[in-house]
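Q: Sequence:
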Amino acid sequence: MPDRLHVHIPFSQWQKHFPLLKKHRLQPEIAFKWPDLDPTLQSAVKQAGRQLAAEGLAVTVHAPFMDLNPGALEPLVRDATMRRWTETLEVADMLGARLVVLHPGYDRWRYGGQSQPWINACLDFFPPLLEHAARIECLLVLENIFEENPDTLRAVLQTLDSPWLGHCFDVGHWRLFGKCSMEQWFSVLGPWIRHLHVHDNSGDRDAHLAIGEGDIDFHQLFKLVDTEQIPPSMTLEVHDCEALLRCVRSIGILRGF
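Here full-length UniProt numbering is used: the first residue of the sequence shown is 1, the next is one more, and so on.
Because the hints were derived from the structure by calculation, they are not lab data.
It cannot be assumed that every hint is accurate.
The calculated lysine to aspartate or glutamate pairs, modelled on EDC-like cross-linking and capped at a C-alpha distance of 20 Å, are [as the list claims (entries may be wrong)]: (1) Lys23 <-> Asp204; (2) Lys33 <-> Asp3; (3) Lys179 <-> Asp151.
Label-pair restraints from in silico Cβ distances [said to hold, decoys possible]: (4) Gln158 <-> Lys16: 25 to 31 Å; (5) Leu130 <-> Trp109: 25 to 31 Å; (6) Leu76 <-> Glu242: 39 to 45 Å; (7) Pro128 <-> Ile253: 25 to 31 Å; (8) Gln220 <-> Leu20: 16 to 22 Å.
We put the CB at the ideal spot given by N, CA and C, even for glycine.
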């Protein structure tokens, strides 16, 4: 298994899926939801960290995202987001993770197409979180969700200009919501792309299919990836075990693993 390839695993299903990871030498991206951040579960997080270390498996982390938004105009929402993401960095440190995926939360329909207030709120929000990330040497990456183009992400990344902040390109979300070509996306955000989320769909729903089971052009994706100076890590975000193993085989063929 290449060092930079990971697979999506919810923390709530960690003990169920760890034998599969161990058997196939799969490195996890552990997804946390808010109940998983309860302090009473810290011993389980530390145990997972010990299991990973014993197997020599690297780990990335996906932060909670439901109802959270670093650019929210409501300050109480930003406060809740800061609390949950700070807790996420704490568990990432327990696991020995060096990368955490965050959902940025911008949706042009929610903000009436007025992106600047959201961008300004993000610029105020991130500096203390980035200080925390620097202390534990953990990269934060902003994942595209509802973004139709890369402009809001570029504004945040370019203005903050932090070595601890990058972009996670989610090709499935781009297929669903993107209004520009993949080449255009990479031309704008390529300098910040540090991580990929890889899953397939046919543009009708966020199906999280294995590669080749939708209509995304993955040959094009990896051709673009190979032009980047810093090779990004990637996570296979396929939510079915059998489909995940099919996807592992497909990515091996595509990437020569």
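Q: If a hint holds in the structure, say so; if it doesn't, say that too.
A: Taking the hints in turn, this is what the structure says about them:
1. Lys23 <-> Asp204: 34 Å, violated
2. Lys33 <-> Asp3: It is violated: about 25 Å lies between the C-alpha atoms, which goes past 20 Å.
3. Lys179 <-> Asp151: Holds, because 12 Å separates the two Cα atoms, which is no more than 20 Å.
4. Gln158 <-> Lys16: 25 to 31 Å: Check failed, 41 Å falls outside 25 to 31 Å.
5. Leu130 <-> Trp109: 25 to 31 Å: At 28 Å between Cβs, range holds.
6. Leu76 <-> Glu242: 39 to 45 Å: Given about 42 Å between the Cβ atoms, the range holds.
7. Pro128 <-> Ile253: 25 to 31 Å: 44 Å, violated
8. Gln220 <-> Leu20: 16 to 22 Å: 30 Å, violated
Of the numbered hints listed earlier, those contradicted by the structure are 1, 2, 4, 7, 8.
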